[in-house]
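Hey, can you work out the whole structure from these sequences and the hints?
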Amino acid sequence: MFISLQHFPRRLWKSKRIQAVVCRRNILLVAVGLLLSSEVYAQTATLRGFVSDQSNGESLPGANVSLLDAAGDLFGAAANNDGFYAIGRLVPGEYVVVVSFVGFTSHVDTLRFARDEIHSYNVALAPDTEELGEVVVDAERTAGAARVLAGLQTVLPAEIDRIPSVDIAGDLASYLTLLPGVVTIGDQGGQFFIRGGEPWQNLVLLDGVLLYQPFHILGFFSAFPSDILNSVDFYAGGFGARYGGRISSVIDVTTRFGNKRRFAGAITASPFIIGTRLEGPLDETGKHSFLASFRHSIIEQGATHLIDRPVPFQFDDFFFKVHSALTRDSRFSFTLLRTYDRGKIGEDVGETPLAEVRWENQMAGLRYLVLPGSIPVLAEFRIGYSLLTSELGPNDAPIRFARTSRVNTSADLTFYGGLVDIRWGLFARTLNLSSELGGLFQNFAFDKEWVTEVGIYGEPEFKPIRGLSVAPGIRIHSFPSKRETYVEPRVRASYEKGAHRFSGAMGLYHQEIIGVSDRRDATSVFTAWAAVPKKSGVPEAIHFILGYNYTISRRLDMAVEGFRKWYSNLFIAEWTAFPRLTTRIQPADGDVVGMDFRLEYRTPKFYGQINYGLSSVKYDAKQESLELWFGTAKFRFRPAHDRRHQVNILASAKVKKFDLTARWQFGSGLPYNRALGFDGFVLMDTAIDVFGEPGDRRVIYEQPFNGVLPTYHRLDLSVERTFEAAGADITLQGSILNAYDRSNIFYLDVFTLQRADQLPFIPSFGIKVEVN
Amino acid sequence: MRTRSNTILLRVFLALAIGSMGCEEAIILPNRTDAVFTIYGLFNPKSDTQAVRVYTVENVLDVTKPEPIDAVVTSVDLTTGDTRVWVDSLVKFIKGRYGHVFYSPFRAEFEHRYRIEVDRSDGAHVEVTTTVPPLSEPVVKEPDPDIFELIARVLWPDAPNLIDIKVVYHTNVGILEWDYGDSSDRVPGGQVVNVQFRADTRDVFSEAIRAGISPVQLNRVEISAVVADAEWVPPDGRFDPDILVEPGTLTNVQGGFGFVSAGYKTKIIWLPSDEVLDVAGFATE
Numbered sequence: 000m001f002i003s004l005q006h007f008p009r010r011l012w013k014s015k016r017i018q019a020v021v022c023r024r025n026i027l028l029v030a031v032g033l034l035l036s037s038e039v040y041a042q043t044a045t046l047r048g049f050v051s052d053q054s055n056g057e058s059l060p061g062a063n064v065s066l067l068d069a070a071g072d073l074f075g076a077a078a079n080n081d082g083f084y085a086i087g088r089l090v091p092g093e094y095v096v097v098v099s100f101v102g103f104t105s106h107v108d109t110l111r112f113a114r115d116e117i118h119s120y121n122v123a124l125a126p127d128t129e130e131l132g133e134v135v136v137d138a139e140r141t142a143g144a145a146r147v148l149a150g151l152q153t154v155l156p157a158e159i160d161r162i163p164s165v166d167i168a169g170d171l172a173s174y175l176t177l178l179p180g181v182v183t184i185g186d187q188g189g190q191f192f193i194r195g196g197e198p199w200q201n202l203v204l205l206d207g208v209l210l211y212q213p214f215h216i217l218g219f220f221s222a223f224p225s226d227i228l229n230s231v232d233f234y235a236g237g238f239g240a241r242y243g244g245r246i247s248s249v250i251d252v253t254t255r256f257g258n259k260r261r262f263a264g265a266i267t268a269s270p271f272i273i274g275t276r277l278e279g280p281l282d283e284t285g286k287h288s289f290l291a292s293f294r295h296s297i298i299e300q301g302a303t304h305l306i307d308r309p310v311p312f313q314f315d316d317f318f319f320k321v322h323s324a325l326t327r328d329s330r331f332s333f334t335l336l337r338t339y340d341r342g343k344i345g346e347d348v349g350e351t352p353l354a355e356v357r358w359e360n361q362m363a364g365l366r367y368l369v370l371p372g373s374i375p376v377l378a379e380f381r382i383g384y385s386l387l388t389s390e391l392g393p394n395d396a397p398i399r400f401a402r403t404s405r406v407n408t409s410a411d412l413t414f415y416g417g418l419v420d421i422r423w424g425l426f427a428r429t430l431n432l433s434s435e436l437g438g439l440f441q442n443f444a445f446d447k448e449w450v451t452e453v454g455i456y457g458e459p460e461f462k463p464i465r466g467l468s469v470a471p472g473i474r475i476h477s478f479p480s481k482r483e484t485y486v487e488p489r490v491r492a493s494y495e496k497g498a499h500r501f502s503g504a505m506g507l508y509h510q511e512i513i514g515v516s517d518r519r520d521a522t523s524v525f526t527a528w529a530a531v532p533k534k535s536g537v538p539e540a541i542h543f544i545l546g547y548n549y550t551i552s553r554r555l556d557m558a559v560e561g562f563r564k565w566y567s568n569l570f571i572a573e574w575t576a577f578p579r580l581t582t583r584i585q586p587a588d589g590d591v592v593g594m595d596f597r598l599e600y601r602t603p604k605f606y607g608q609i610n611y612g613l614s615s616v617k618y619d620a621k622q623e624s625l626e627l628w629f630g631t632a633k634f635r636f637r638p639a640h641d642r643r644h645q646v647n648i649l650a651s652a653k654v655k656k657f658d659l660t661a662r663w664q665f666g667s668g669l670p671y672n673r674a675l676g677f678d679g680f681v682l683m684d685t686a687i688d689v690f691g692e693p694g695d696r697r698v699i700y701e702q703p704f705n706g707v708l709p710t711y712h713r714l715d716l717s718v719e720r721t722f723e724a725a726g727a728d729i730t731l732q733g734s735i736l737n738a739y740d741r742s743n744i745f746y747l748d749v750f751t752l753q754r755a756d757q758l759p760f761i762p763s764f765g766i767k768v769e770v771n
Numbered sequence: 000m001r002t003r004s005n006t007i008l009l010r011v012f013l014a015l016a017i018g019s020m021g022c023e024e025a026i027i028l029p030n031r032t033d034a035v036f037t038i039y040g041l042f043n044p045k046s047d048t049q050a051v052r053v054y055t056v057e058n059v060l061d062v063t064k065p066e067p068i069d070a071v072v073t074s075v076d077l078t079t080g081d082t083r084v085w086v087d088s089l090v091k092f093i094k095g096r097y098g099h100v101f102y103s104p105f106r107a108e109f110e111h112r113y114r115i116e117v118d119r120s121d122g123a124h125v126e127v128t129t130t131v132p133p134l135s136e137p138v139v140k141e142p143d144p145d146i147f148e149l150i151a152r153v154l155w156p157d158a159p160n161l162i163d164i165k166v167v168y169h170t171n172v173g174i175l176e177w178d179y180g181d182s183s184d185r186v187p188g189g190q191v192v193n194v195q196f197r198a199d200t201r202d203v204f205s206e207a208i209r210a211g212i213s214p215v216q217l218n219r220v221e222i223s224a225v226v227a228d229a230e231w232v233p234p235d236g237r238f239d240p241d242i243l244v245e246p247g248t249l250t251n252v253q254g255g256f257g258f259v260s261a262g263y264k265t266k267i268i269w270l271p272s273d274e275v276l277d278v279a280g281f282a283t284e
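Chains as they are written, first to last, in numbering that gives the first Met the number 0: chain X, 0 to 771; chain F, 0 to 284.
Simulated from the structure, these hints should not be mistaken for lab results. The beta-carbon is built from N, C-alpha and C at its ideal position, and this holds for glycine as well. Just to be clear, a hint being listed does not mean it is correct.
Straight-line alpha carbon distances no greater than 30 Å define the calculated DSSO-like cross-link-like pairs of lysine-lysine that follow [to be verified]: (1) F:K64 <-> F:K266; (2) X:K617 <-> X:K496; (3) X:K655 <-> X:K604; (4) F:K165 <-> X:K343; (5) F:K94 <-> X:K343; (6) X:K343 <-> X:K447.
To be clear about the criterion: a stretch of chain F counts as covered by chain X if any three or more of its residues have a C-beta under 8 Å from a C-beta of chain X, and this derived list gives those stretches [unchecked claim]: (7) 50 to 58; (8) 109 to 115; (9) 202 to 212; (10) 262 to 271.
What follows is the structure in structure tokens.
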């Protein structure tokens with residue numbers, strides 16, 4: 000029986016991402032016989048292809064592809080970040096295919112599949128300008144803060160642009176600070192502590208290539224301006240088997256292809272940064288495109304005049320990408336990135352002037368994506384190169400220098416089987432780690448090291464019943480040069496029924512390559528990367544996440560998620576009463592427990608979001624002398640990034656032709672070491688002559704991290720208006736950072752009791768000229 | 000309806016923002032420690048001047064300056080009742096640091112008990128009491144050449160405690176120093192150090208072979224130690240500055256921090272017998 004399109008409720012075609020392939024009949028039979036049986040697949044057909052935006056050739060992640068057979072059964076799949084979709088296990092015959100995406104005119108066609116056929120079907124959707132108001136609202140519902148799924152939140156550029164910032168262009172760094180569970184020590188340094196994890200435990204990928212330190216020295220900026228982004232998958236924990244080598248979180252950034260139809264570009268300027276973007280087709284076929292972006296900070300020349308104190312920061316980033324639809328069934332892309340940062344963190348408050356820190360990222364990545372003609376598989380091959388060089392100290396004579404490079408080759412294959420999709424992959428890497436650290440640093444006496452890594456993972460995703468997805472996985476990660484192998488089981492699952500969605504994830508994670516930083520204070524950003532010494536245990540984490548989402552109404556979503564992370568074999572700063580402080584480290588375990596609550600409200604003219612994060616981070620220090628000092632072999636304490644309560648409120652409204660946005664952040668105080676006084680220390684190990692023995696200064700501390708700094712809160716405001724002139728969109732923005740001039744502490748120098756504050760009240764303005 | 004909910008949200012937002020503006024911005028500092036002074040030093044019966052270093056416990060860590068200190072240091076010989084007020088001296092140490100060393104020109108008596116008191120003008124007071132150990136001169140007992148290890152037993156008669164024990168071998172290959180730390184054994188009548196003669200000198204022969212020196216001659220062995228008050232013992236048996244720097248870890252000062260004890264250096268020069276030298280592999284005349 001054929002059911003015409005008129006019988007489908009219109010809502011269906013505008014529905015959210017359909018993750019599961021739905022089959023109303025024979026589920027049990029198929030499930031039993033299933034899986035990977037070539038016998039079975041030989042009887043069926045597969046539909047696959049790419050969905051793109053007709054106006055610019057960009058992919059349409061989340062686009063909905065639906066098939067209706069003559070019996071009235073409905074099959075569906077959602078496009079991924081490449082716009083790729085696949086629907087397997089189709090009984091040969093005639094189907095009506097509908098490709099739809101909010102904001103675009105649906106594409107309807109009739110297709111006939113023969114036995115064993117693998118049918119490639121690419122669709123370019125035309126934008127539907129009439130529905131624009133609702134489109135924005137609905138499109139964001141596929142992502143959004145309240146759509147978190149077992150720690151995973153998909154972030155779209157439009158969401159990033161909404162955050163008020165000192166720059167007119169949005170940046171991922173500003174958005175991340177909105178999320179519950181993401182803690183920054185301040186607005187300088189670009190260090191993110193995610194659900195209790197430390198910055199070196201975060202895996203940051205740009206188009207699949209690792210970046211070591213992509214967040215700029217001023218915390219509002221990163222290597223990821225919103226207008227080059229396609230989407231960002233942000234895993235606060237519980238990530239699947241395809242990711243590894245880090246124990247806290249994953250920030251997986253995918254960039255746009257560039258406009259394949261015509262040249263477009265933008266120029267932005269503000270007292271903090273100037274930037275330009277250019278994109279367009281490489282030829283007239285519409286298959287090849289490029290995208291380039293360059294930004295350069297002008298803080299020292301511009302913003303410093305708005306703030307009554309020096310802000311000695313400079314940074315820039317350059318991004319370039321070429322994307323090519325080589326054939327109907329293959330894609331190729333090449334991505335380049337370079338970032339540079341220089342500055343002094345904090346203020347000169349003590350005897351010793353601040354040391355300048357500099358770092359540079361270089362990254363290049365090749366990606367080839369192909370759909371083999373005879374099997375329902377998506378194959379991706381990648382080669383990536385990442386380099387980080389870091390220096391601390393004067394430019395001509397750095398005190399410390401570190402260089403880390405990595406070459407990664409990987410293959411990822413996804414087999415689309417209908418009731419089960421099987422993703423698996425393998426990788427081989429080589430790392431070159433070198434450093435000159437001026438002697439022993441954090442107990443690591445390393446200078447040059449080569450590390451090789453190989454591994455394999457498998458991650459089938461079972462969809463046995465409608466709304467249910469279970470993705471168990473396993474990752475085997477081996478370091479032949481160190482003779483270490485880790486087996487890491489993972490699982491992610493979700494179940495959706497009506498307006499309710501339940502999700503969960505758990506997994507085991509290891510990190511053999513660790514970031515070693517000068518942990519004397521939280522503001523230090525100089526990081527050297529090293530393999531864990533043989534005698535030390537490898538940092539390990541177990542994640543556990545349970546979440547619940549509820550779509551209360553069409554405009555209102557809520558999500559609540561509980562999480563726990565157990566860490567072992569961490570490296571933390573050794574405690575000492577010497578005020579010169581040590582860069583030595585001690586082993587520790589960690590225990591993070593918390594929950595997030597998110598509420599999102601959307602109308603075409605108003606957007607509101609309230610996020611609340613509650614968490615507790617506890618470390619068990621294991622320094623040898625603890626027994627002597629405190630009478631216990633393990634000492635439990637709150638580390639410097641344990642922010643118990645976080646509130647973020649974002650409100651955005653369209654008033655006449657103006658976009659008004661306000662954001663208020665609140666964070667409870669962070670722990671710090673309190674000093675009770677200062678005296679001196681003379682080592683009485685012999686019959687000393689006190690006239691000749693100079694001794695050392697000493698700090699009389701309370702027990703470690705016993706103090707709590709004041710709470711943090713800040714209100715940022717922005718207003719924007721876009722004009723059209725001479726064929727260009729001109730956007731003017733005025734913004735106020737820290738509107739009520741709150742003195743938020745950045746850090747306290749416990750030796751001098753002098754505080755360094757975060758940025759004060761800053762009025763700013765910006766202009767963006769965009770040609771599309 | 001929509002307008003109403005928007006208004007409510009806006010009000011909540013503004014209430015939170017405005018309400019929080021009154022939150023405390025200042026850092027609440029803890030009460031400072033009650034300790035007022037930190038003292039280090041020792042009574043040395045072999046020195047004709049006694050001295051202690053006095054630190055003021057300060058609120059901030061500042062550059063040391065050549066400033067007077069509000070402190071009066073007094074010693075009391077608890078055995079005789081003799082009381083002395085010590086003289087302050089401002090010493091400039093290396094790296095330009097300044098420190099106050101109080102001294103008194105007298106010789107501490109063996110086995111006398113002394114108390115040092117430090118007073119501030121506002122009445123704040125710290126004190127520490129220690130006992131000077133008895134006079135002890137070390138005696139070496141030759142190793143038994145029939146026992147392979149060749150252990151020399153050095154006895155410090157009546158010594159309550161030994162620290163900073165060193166054994167130095169003077170040879171024609173070079174000078175080799177072994178730090179025995181405080182590894183002495185209490186025995187009836189004193190403290191004993193077992194000098195591992197053969198094990199200690201093994202490196203001398205290795206170096207001689209490397210340098211092509213033959214024969215290897217031992218000129219003398221110097222064995223030294225500080226005879227110390229019985230309380231002069233680090234809590235985990237090591238004088239590790241990274242451990243002992245923690246306030247309160249090794250302290251005997253009441254009302255303050257630091258450590259004041261009593262002791263003196265002793266040394267003996269030992270010339271092993273030809274038989275011992277021969278067994279150990281050294282040349283004999």
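Hints versus structure:
1. F:K64 <-> F:K266: Given pair K64 of chain F, K266 of chain F is violated - Cα atoms ~39 Å apart, limit 30 Å.
2. X:K617 <-> X:K496: Since the Cα atoms of K617 of chain X and K496 of chain X sit roughly 36 Å apart, the hinted pair is violated (cutoff 30 Å).
3. X:K655 <-> X:K604: holds, 10 Å
4. F:K165 <-> X:K343: violated, 48 Å
5. F:K94 <-> X:K343: Holds, at about 26 Å.
6. X:K343 <-> X:K447: Given that 30 Å is the threshold and the Cα spacing comes to 27 Å, the pair holds.
7. 50 to 58: holds (count 8)
8. 109 to 115: With 0 residues close enough to chain X, the hint is violated.
9. 202 to 212: violated (count 0)
10. 262 to 271: holds (count 3)
Of the hints listed earlier, those the structure fails to meet are numbers 1, 2, 4, 8 and 9, in rising order.
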